[in-house]
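Trainee: Just so you know, the sequences run in chain order P and H. Residue 0 is where the first sequence starts when you use numbering that gives the first Met the number 0, and the numbers rise one by one after that. Residue 0 is where the second sequence starts when you use numbering that gives the first Met the number 0, and the numbers rise one by one after that.
Just to be clear, a hint being listed does not mean it is correct.
A pair holds if it fits inside one copy or across any two, identical chains being indistinguishable in the list.
What the hints assert, rightly or not - Distance condition first, Cα-Cα at most 30 angstroms in a straight line; then the derived DSS-like pairs of lysine-lysine:
no.	residue 1	residue 2
1	K223	K126
2	K145	K126
3	K94	K119
4	K68	K155
5	K171	K31
6	K145	K171
7	K74	K145
8	K135	K223
9	K119	K3
10	K222	K126
11	K222	K31
12	K119	K145
13	K207	K119
14	K207	K114
15	K222	K207
16	K222	K3
17	K126	K31
18	K207	K223
19	K207	K135
20	K94	K68
What the hints contain is simulated information worked out from the structure, not anything from laboratory work. Nothing here was measured: the structure is a model prediction, and the numbers come from that model.
Residues per chain are reported as follows:
2 protein chains.
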Amino acid sequence: MTFKRIVIIVAGGSGTRMGAGIPKQFLPLLSKPILFHTIQAFLDLPLISEIILVLPASQISVWLELCEKNQFTAKHTIVIGGDTRFQSVSNGLAKVIDSTTLVAIHDGVRPLVSKEVIEKCFQEAEKYGNAIPAVKPLETVRFCEKTGTIPIDREKVLLIQTPQVFKSSIIKQSYQTPWLSSFTDDASVVEHAGYQIHIVEGNRENIKITTPQDLLFAEVLLKKNNPF
Amino acid sequence: MTFKRIVIIVAGGSGTRMGAGIPKQFLPLLSKPILFHTIQAFLDLPLISEIILVLPASQISVWLELCEKNQFTAKHTIVIGGDTRFQSVSNGLAKVIDSTTLVAIHDGVRPLVSKEVIEKCFQEAEKYGNAIPAVKPLETVRFCEKTGTIPIDREKVLLIQTPQVFKSSIIKQSYQTPWLSSFTDDASVVEHAGYQIHIVEGNRENIKITTPQDLLFAEVLLKKNNPF
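Turn these sequences into a full structure, and let the hints steer you where they fit.
Mentor: Here's what the structure looks like:
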């Protein structure tokens with residue numbers, strides 16, 4: 000059985016923390032919208048049959064203008080997002096019909112994911128049903144309890160990233176549930192449905208761009224990797 | 000009672016993860032050793048009466064040459080480090096005599112600490128006996144257990160930074176103990192001696208420079224803050 004590979008990129012941010020007037024996924028990174036770079040990270044990989052971009056309804060015309068202005072011709076399907084990330088992913092998943100498909104769900108503002116990590120997540124999800132990337136913190140870690148904070152073993156702490164990859168049958172079935180506040184990512188939805196989550200080592204640079212400093216960091220890193 | 004303020008900067012790294020032949024604290028950051036920037040972060044603050052730099056014996060001559068070559072004249076006391084970070088801090092603490100002193104212990108490869116965070120740590124340590132900076136992770140967090148991984152509330156997770164500031168009497172007394180593997184930072188030593196740890200909000204950019212990417216990030220951030 001050969002699995003097709005579909006990517007759902009979720010871009011719902013409004014960018015208030017960036018101090019900018021435009022949604023953060025549209026902010027320029029090396030003079031192109033962040034989202035261009037994020038999509039590009041997947042385009043160069045083999046076997047990807049479709050890229051689905053979930054955008055708030057209000058941002059679709061701006062996105063299409065940006066694509067035209069920048070001659071961004073990479074083929075992708077646009078889906079209208081919902082009020083929450085959970086609803087946006089649901090809307091994206093509704094476009095996935097084939098049951099022998101692997102679905103990667105990725106944050107629109109994580110342009111620095113490495114090809115190795117994407118490939119590894121797809122491969123392991125085919126084997127285990129799901130695979131999500133994580134890195135260990137470099138810092139000492141403490142945990143807040145009612146009476147104060149206690150140290151916890153940082154070797155056992157995992158900071159979770161995306162893309163989170165699932166067999167389409169598993170993720171679609173898992174999303175047939177009302178939203179819960181414990182759903183902090185897609186893996187937590189799948190876990191709630193009874194599946195055990197499989198972890199893959201992520202790449203440390205794969206940050207979620209949230210602050211102007213993150214944007215600077217992404218810029219310097221992309222410049223280094225693509226000097227021309 | 001007025002507390003004097005002493006800073007102990009611990010620089011014991013060998014830099015193997017940086018892929019460079021020289022200890023990472025000496026690597027150039029905007030063409031000056033990282034350690035210059037780290038010391039500088041404290042120099043501009045008021046009330047600091049002494050800066051103690053703990054260095055491995057084998058690195059002292061290189062350091063002195065770097066200072067001369069770069070005309071780095073900031074006054075500081077050099078102390079020879081030990082085989083472990085614990086021993087190095089002990090050696091630094093041996094130089095702190097006065098009991099009405101606040102001691103800040105800081106990693107040599109954290110040049111991006113903000114003045115506001117340093118000042119806050121000193122102020123709160125004067126009040127609570129100790130104060131350490133921390134930030135919350137931006138990512139979903141999971142924890143490894145024997146049977147797999149479980150999600151934990153990221154709002155309760157703290158990534159610990161330095162400077163960790165203590166009343167001298169407390170930190171000196173706490174260090175009168177044999178080393179334990181649970182001592183991952185100075186706060187854990189003080190906690191082992193029976194004190195409750197007080198947390199202060201850190202600045203996110205205050206990373207421990209560990210990889211070439213971290214160095215790039217530090218460079219772009221320092222450049223932005225000091226454009227001339």
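Trainee: With reference to the structure, classify each hint as holding or not holding.
Mentor: Against the structure, the hints:
Within a single copy, K223 and K126 get their C-alpha atoms no closer than 34 angstroms, and across copies no closer than 46 angstroms, so neither meets the 30 angstroms cut-off. Taking the shortest alpha-carbon separations for K145 and K126, only the inter-copy value of 21 angstroms comes in at or below 30 angstroms, while the best intra-copy value is 41 angstroms. With identical chains, the CA atoms of K94 and K119 are at most 30 angstroms apart within one copy only, with a shortest distance of 24 angstroms there and 51 angstroms across copies. Taking the shortest alpha-carbon separations for K68 and K155, neither the intra-copy value of 46 angstroms nor the inter-copy value of 44 angstroms comes in at or below 30 angstroms.
In this assembly of identical chains, K171 and K31 lie within 30 angstroms of each other by CA distance neither inside one copy nor across copies; the values are 33 angstroms within and 54 angstroms between. In the homo-oligomer, the alpha carbons of K145 and K171 lie at most 30 angstroms apart only across protomers (28 angstroms), although the nearest pairing inside one protomer, at 38 angstroms, exceeds that limit. In this homomeric assembly, K74 and K145 never come within 30 angstroms of each other (Cα to Cα): the closest approach is 51 angstroms inside a single copy and 44 angstroms across copies. Taking identical chains as interchangeable, the C-alpha atoms of K135 and K223 lie at most 30 angstroms apart whether they share a chain (24 angstroms) or sit on different chains (29 angstroms).
Within a single copy, K119 and K3 get their C-alpha atoms as close as 15 angstroms, which meets the 30 angstroms cut-off; across copies the closest is 54 angstroms, which misses it. Taking the shortest Cα distances, K222 and K126 never come within 30 angstroms of each other, neither inside one copy (35 angstroms) nor across copies (46 angstroms). In this assembly of identical chains, the alpha carbons of K222 and K31 lie at most 30 angstroms apart whether taken from the same copy (13 angstroms) or from different copies (22 angstroms). Taking identical chains as interchangeable, the C-alpha atoms of K119 and K145 lie at most 30 angstroms apart only when they sit on different chains, with a minimum of 23 angstroms there against 39 angstroms within one chain.
In this assembly of identical chains, K207 and K119 lie within 30 angstroms of each other by CA distance both inside one copy and across copies; the values are 19 angstroms within and 28 angstroms between. For a Cα distance limit of 30 angstroms, the shortest separation of K207 from K114 qualifies both inside one copy, at 16 angstroms, and across copies, at 26 angstroms. When the C-alpha separation of K222 and K207 is checked against a cutoff of 30 angstroms, the pair qualifies both within a copy, at 18 angstroms, and between copies, at 22 angstroms. For the homomeric pair K222 and K3, neither the shortest alpha-carbon distance inside one copy (32 angstroms) nor that between copies (45 angstroms) is at most 30 angstroms.
Taking CA atoms no more than 30 angstroms apart as the test, K126 paired with K31 passes in neither setting, with 36 angstroms inside one copy and 49 angstroms between copies. Both within a single protomer and between protomers do K207 and K223 lie at most 30 angstroms apart by alpha-carbon distance, with minima of 19 angstroms and 21 angstroms respectively. Taking the shortest Cα distances, K207 and K135 sit within 30 angstroms of each other both inside one copy (16 angstroms) and across copies (14 angstroms). Taking the shortest Cα distances, K94 and K68 sit within 30 angstroms of each other inside one copy (27 angstroms), while across copies they are farther apart (64 angstroms).
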